[in-house]
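If you're matching positions, the sequence shown starts at 0 in numbering that gives the first Met the number 0 and goes up one per residue.
Certain hints may be false.
Here are the simulated BS3-like cross-link-like pairs (lysine-lysine), alpha carbons at most 25 Å apart as the crow flies [unchecked claim]: (1) LYS8 / LYS84; (2) LYS84 / LYS61; (3) LYS61 / LYS8; (4) LYS61 / LYS94; (5) LYS58 / LYS92; (6) LYS8 / LYS67; (7) LYS84 / LYS67; (8) LYS58 / LYS94; (9) LYS61 / LYS92; (10) LYS58 / LYS84; (11) LYS94 / LYS84.
With beta-carbon atoms standing in for the labels, derived distance ranges [what the hints assert, rightly or not]: (12) GLY65 / PRO29: 32 to 40 Å; (13) PRO29 / VAL50: 26 to 34 Å; (14) TYR28 / VAL86: 45 to 53 Å; (15) TYR20 / LEU60: 29 to 37 Å; (16) HIS27 / LYS94: 50 to 58 Å; (17) HIS27 / ILE51: 34 to 42 Å; (18) LYS92 / ALA24: 44 to 52 Å; (19) LEU60 / ALA12: 22 to 30 Å.
The hints are simulated quantities; they were obtained by calculation from the structure and are not laboratory data. These numbers were taken from a predicted model, which means no experiment stands behind them. Beta carbons: idealized from backbone N, C-alpha and C, even for Gly.
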Amino acid sequence: MNAGIIIAKAVIAVVWGVLIYNLIAPFHYPLNLVLYIIMGFLLFTHILQTVIFSAAFSKQLKLTLGDKLSILVFGVCALIDIRNKRVIPEVEKGKDTSEEQV
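Construct all of the structure, not just a fragment, from the sequences and the given hints.
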């Protein structure tokens, strides 16, 4: 699963690279408009994800500035990565302590 997240993040980074390149040196007429629309939609959805997940999980999981920027750039891929790195080990740790108490 970790390799899949890395590949997905690489693809998203390439997409952002093309979109930012289009801002610096616009492509020809119909393509540049399409890329502007895609960039606006991608930026809007990633900002929305960052705000929603920061608010929804503010009590259970403190997101650092780096986490928020990662969500802003990589979207759902960053959320899955954060979940795999922080939430799942805590749940497994909780299972281990509950089994020891029994």
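Hint check:
1. LYS8 / LYS84: OK: LYS8 and LYS84 at ~16 Å, within 25 Å.
2. LYS84 / LYS61: holds, 13 Å
3. LYS61 / LYS8: holds, 22 Å
4. LYS61 / LYS94: holds, 21 Å
5. LYS58 / LYS92: Since the Cα atoms of LYS58 and LYS92 sit roughly 19 Å apart, the hinted pair holds (cutoff 25 Å).
6. LYS8 / LYS67: holds, 15 Å
7. LYS84 / LYS67: At roughly 15 Å apart (the allowed maximum being 25 Å), LYS67 and LYS84 satisfy the hint.
8. LYS58 / LYS94: Holds. LYS58 to LYS94 sits at ~21 Å (cutoff 25 Å).
9. LYS61 / LYS92: holds, 18 Å
10. LYS58 / LYS84: holds, 17 Å
11. LYS94 / LYS84: holds, 17 Å
12. GLY65 / PRO29: 32 to 40 Å: This hint holds: roughly 37 Å between Cβ atoms.
13. PRO29 / VAL50: 26 to 34 Å: holds, 32 Å
14. TYR28 / VAL86: 45 to 53 Å: holds, 46 Å
15. TYR20 / LEU60: 29 to 37 Å: holds, 34 Å
16. HIS27 / LYS94: 50 to 58 Å: holds, 57 Å
17. HIS27 / ILE51: 34 to 42 Å: holds, 36 Å
18. LYS92 / ALA24: 44 to 52 Å: At 50 Å between Cβs, range holds.
19. LEU60 / ALA12: 22 to 30 Å: Roughly 24 Å apart at Cβ, these two residues keep to the hinted range, so it holds.
Every hint, counting from the list given before, is met by this structure.
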